[in-house]
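Number of protein chains: 2
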Amino acid sequence: MMFQTVTRALLLSSMTPVCRSGVTVRRYCMKNPTKLRVSEAFLDAQVGENVRIQGWVRSFRPQKQNLFLHVNDGSSLKSLQVIAPAGMNDPLLGFGCAVEVKGILKKSPHSKQPVELEAEQIRVIGECNPVDFPFKIKERHSLEYIRQFLHLRCRTNAFSSLLRIRSEATAAVHSYFKNNGFLLIHTPTITSNDCEGAGELFQVEPPGTTFANEGSFFSVPVYLTVSGQLHLEVMSGAFPRVYTFGPTFRAENSQSRRHLAEFFMVEAEISFTESIEDLTKVMEELFRSVTESVLAHCEEDVDLFHKYVAPGHRDTLDDMLRKSFPVITYTEAIDILKRSSETFTFPTDWGCDLMTEHEKFLVKHCGNIPVFVTDYPYDLKPFYARDNQDHPKHTAAAVDLLVPGVGELCGGSLREERLDLLRSRLGECGLEDTYSWYLDLRRFGSVPHGGFGLGFERYLQCILGVDNIKDVIPFPRFSHSCLL
Amino acid sequence: MMFQTVTRALLLSSMTPVCRSGVTVRRYCMKNPTKLRVSEAFLDAQVGENVRIQGWVRSFRPQKQNLFLHVNDGSSLKSLQVIAPAGMNDPLLGFGCAVEVKGILKKSPHSKQPVELEAEQIRVIGECNPVDFPFKIKERHSLEYIRQFLHLRCRTNAFSSLLRIRSEATAAVHSYFKNNGFLLIHTPTITSNDCEGAGELFQVEPPGTTFANEGSFFSVPVYLTVSGQLHLEVMSGAFPRVYTFGPTFRAENSQSRRHLAEFFMVEAEISFTESIEDLTKVMEELFRSVTESVLAHCEEDVDLFHKYVAPGHRDTLDDMLRKSFPVITYTEAIDILKRSSETFTFPTDWGCDLMTEHEKFLVKHCGNIPVFVTDYPYDLKPFYARDNQDHPKHTAAAVDLLVPGVGELCGGSLREERLDLLRSRLGECGLEDTYSWYLDLRRFGSVPHGGFGLGFERYLQCILGVDNIKDVIPFPRFSHSCLL
Chain A
1 MMFQTVTRAL LLSSMTPVCR SGVTVRRYCM KNPTKLRVSE AFLDAQVGEN
51 VRIQGWVRSF RPQKQNLFLH VNDGSSLKSL QVIAPAGMND PLLGFGCAVE
101 VKGILKKSPH SKQPVELEAE QIRVIGECNP VDFPFKIKER HSLEYIRQFL
151 HLRCRTNAFS SLLRIRSEAT AAVHSYFKNN GFLLIHTPTI TSNDCEGAGE
201 LFQVEPPGTT FANEGSFFSV PVYLTVSGQL HLEVMSGAFP RVYTFGPTFR
251 AENSQSRRHL AEFFMVEAEI SFTESIEDLT KVMEELFRSV TESVLAHCEE
301 DVDLFHKYVA PGHRDTLDDM LRKSFPVITY TEAIDILKRS SETFTFPTDW
351 GCDLMTEHEK FLVKHCGNIP VFVTDYPYDL KPFYARDNQD HPKHTAAAVD
401 LLVPGVGELC GGSLREERLD LLRSRLGECG LEDTYSWYLD LRRFGSVPHG
451 GFGLGFERYL QCILGVDNIK DVIPFPRFSH SCLL
Chain B
1 MMFQTVTRAL LLSSMTPVCR SGVTVRRYCM KNPTKLRVSE AFLDAQVGEN
51 VRIQGWVRSF RPQKQNLFLH VNDGSSLKSL QVIAPAGMND PLLGFGCAVE
101 VKGILKKSPH SKQPVELEAE QIRVIGECNP VDFPFKIKER HSLEYIRQFL
151 HLRCRTNAFS SLLRIRSEAT AAVHSYFKNN GFLLIHTPTI TSNDCEGAGE
201 LFQVEPPGTT FANEGSFFSV PVYLTVSGQL HLEVMSGAFP RVYTFGPTFR
251 AENSQSRRHL AEFFMVEAEI SFTESIEDLT KVMEELFRSV TESVLAHCEE
301 DVDLFHKYVA PGHRDTLDDM LRKSFPVITY TEAIDILKRS SETFTFPTDW
351 GCDLMTEHEK FLVKHCGNIP VFVTDYPYDL KPFYARDNQD HPKHTAAAVD
401 LLVPGVGELC GGSLREERLD LLRSRLGECG LEDTYSWYLD LRRFGSVPHG
451 GFGLGFERYL QCILGVDNIK DVIPFPRFSH SCLL
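Quick mapping for you: the protein sequence lines, in order, are chains A and B.
Under the numbering used here, read the first sequence as residues 1 to 484, first letter to last.
Under the numbering used here, read the second sequence as residues 1 to 484, first letter to last.
The shape of chain A in the complex, shown without the other chains:
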């Protein structure tokens, strides 16, 4: 230990990078030492090696004899401490600049970090004017503040952690489905369906074209997809387990902290279903599997959120993972709401839709863990929801998953696979011609099937405790805002 410190002092006081004590000449004279990622440097295996790292300066502390900097390259939340003789300082060196550092990786004498890099050369690759740069050294900026700088916020600890978590969660979604025999289908973004008949569609045309006429690009009015469900249903006539994962759109004039005009959705469709449990099982497994994977691979990144963004949220999350998700029917949910002493803004009569205030109450009522609500009133659900034929109540085999802090995370249903029932419902809606291809799916080898969609950003909000949905997507799009 003593020897090490002396060696370091010797090294750092010297300016000419040749043949210092404790370093072999051969290593020392290598022109281009091994390029290492910061996360690899922390693995310890390279201690004593001459290495090269590239990244951005996250902290900078020039002292009388030595410079101390932390270099981050996005490979993890951790930055590598670099120590250099004060003479290596450069007027361009500072917070936010890009550097390449060559030197020797050493075990650190400090308990805060296992390794540090003794610099033999620091090259400033790209400077960063600290006056103009919106993020300041040593300051912890709020998520709201950094959101103003969409093109730069990935350079903060918080948002780089979010991006690593998002990438890992995406990989975990694909792994879950692959390991469970699901086929990935790329459902289209542009579609001539308006799926749920909602008014919240975006229409698409080349500029200058008149919409919805024969002279338009596609000859028919086309929209941005609100769901890949109907396209997945096409595939569920040949593959019993399919899923899709991509952007979906709502022209919702809302600035809410739970809504975006463009958001990512995970959707799955399962054939040969026997009951709604075939769906809730997959939803719950998916939630657990992805969350466990994120916790295993992005521990530090998740901790950042649970420490600084949503203190105490880790306990909530652990609770969600420990307990199995309760299932209540819509009718039971209405009973719970009616029996409660809470005053609600919206009515809680059987037949009314559950609003966010109701959803939040139900989640709390069930112990602040995710809860499934099943069998909604038939008249509240779109044409494709399967009729439970349970008059006089008359419900459809639909299910929502409500989660703490967010409300509705997933929505799903069994689909009406019976040709006669589907045809008469489409007839009532005046949609029989529009959806003749959809009726075909029931005419040729129809099977009982169902599926669900999960809002990916809401999922991230739920596990991280992030209040605003704009802080869990790289480039948020919402009414009056489409930056970059």
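Derived by calculation from the structure, the hints in this document are not laboratory data.
Please note that the accuracy of each hint is not assured.
Identical chains share a label here; the pair holds if one copy fits it or two copies do between them.
In silico BS3-like cross-links for lysine-lysine, where the CA-CA straight-line distance does not exceed 27 Å [stated by the list, open to error]:
id: 1; residue 1: K78; residue 2: K178
id: 2; residue 1: K35; residue 2: K178
id: 3; residue 1: K323; residue 2: K138
id: 4; residue 1: K338; residue 2: K323
id: 5; residue 1: K307; residue 2: K35
Put chain B on the given structure of chain A with help from the hints.
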């Protein structure tokens, strides 16, 4: 062998499904035997077991004593042969219908298949009228024919193979990038950039809104993305290796066999690049890695294409994988074209863009394997391409990958990371204000970087030998066509 045959005969001649020789009573009386996917049935481990399979009938042959059917469930190209006593026939049973079959899995006496299912119960789940169903038993329909029925073509062998290959190739793309330290970024679909300044954009608005005015949904004109590059460049200021994989759009008024209005693109961006080789290395590795994974996991599906769709294409593909991809400069390419005896429709003068006919010739000239063409004329490339500063020729550090049968598969470049050069070029184009955020990326910790995009559908065409791009995407969108 003899005994087995006798047992089968005994079994099949009996109509009552109880206590036949060779089958234990306990197994036999199980109400709901293990549900098995067809691909699992072929694994042999379940031979002798009472099982249950669900799927669609791909062939149906009623004989005097027995029925023979093949049931497919999409888990692989293979269908499971089911043998049942003739008395189990059902007027609804036939080609295309959905069935559940319970029975005993046996080693097959025929060499054509390792196992077969001796049915004890066949339940028709969904009928399929053979007159109305557009696909006919025992007929091999062309890709062009099945393309007329987008909602049903997944029920053919060819298109179900394509979907398995597409799903596997997607997984392999993600694996390649994950294994090589790339972070996945979800770049946006809706953007206010028009990226390359091309006129081939789709504009987006809620129906009934006037475009491009202050009253519009986003307050600014917005478009469907033509590339995630600029958004990836944002991220490459904190993460040296990022990628995206999603839909991109061109309002190209083309019915060509290589163009779609909506197609999938894989894009990557790499920081701290030293030369264009940092890009070509990743492109070539990606191509090999994904192709090897597809060949390893979808052998039968790929064989179907190489046997029936593009006979002889396997040799071409093997050649591509065996040889390393040559690299020529644009200037060398022009020399090759000028020296050739071929007559081209378009000019081959230095400064002219390479057209499909030129690209095809160059690929042939280089031995019908993929070839990189680098260092294109500066004036042909968009503002972000890095200036080689090699006057008087004046080229940019751009690269295309040309492949057999398709032409351009990838396009990439080093990006202009030098603030002064980029600013003056943007100034010349009158874009300095529009891209002030892009200039910021160079003002704060800029690093040399570059990237590329790969057309995913063209990649599939290239490895499978599929002539028309509409046959490698589930729901093709092109001018005057947006079905479903």
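To see whether the hints hold, each was checked on the structure:
1. K78 / K178: between (31 Å within a copy, 19 Å between copies)
2. K35 / K178: between (34 Å within a copy, 18 Å between copies)
3. K323 / K138: Classified as neither; 40 Å inside a copy, 52 Å across copies.
4. K338 / K323: Classified as within; 26 Å inside a copy, 72 Å across copies.
5. K307 / K35: neither (33 Å within a copy, 46 Å between copies)
When held up to the earlier numbered hints, the structure conflicts with 3, 5 and fits the remainder.
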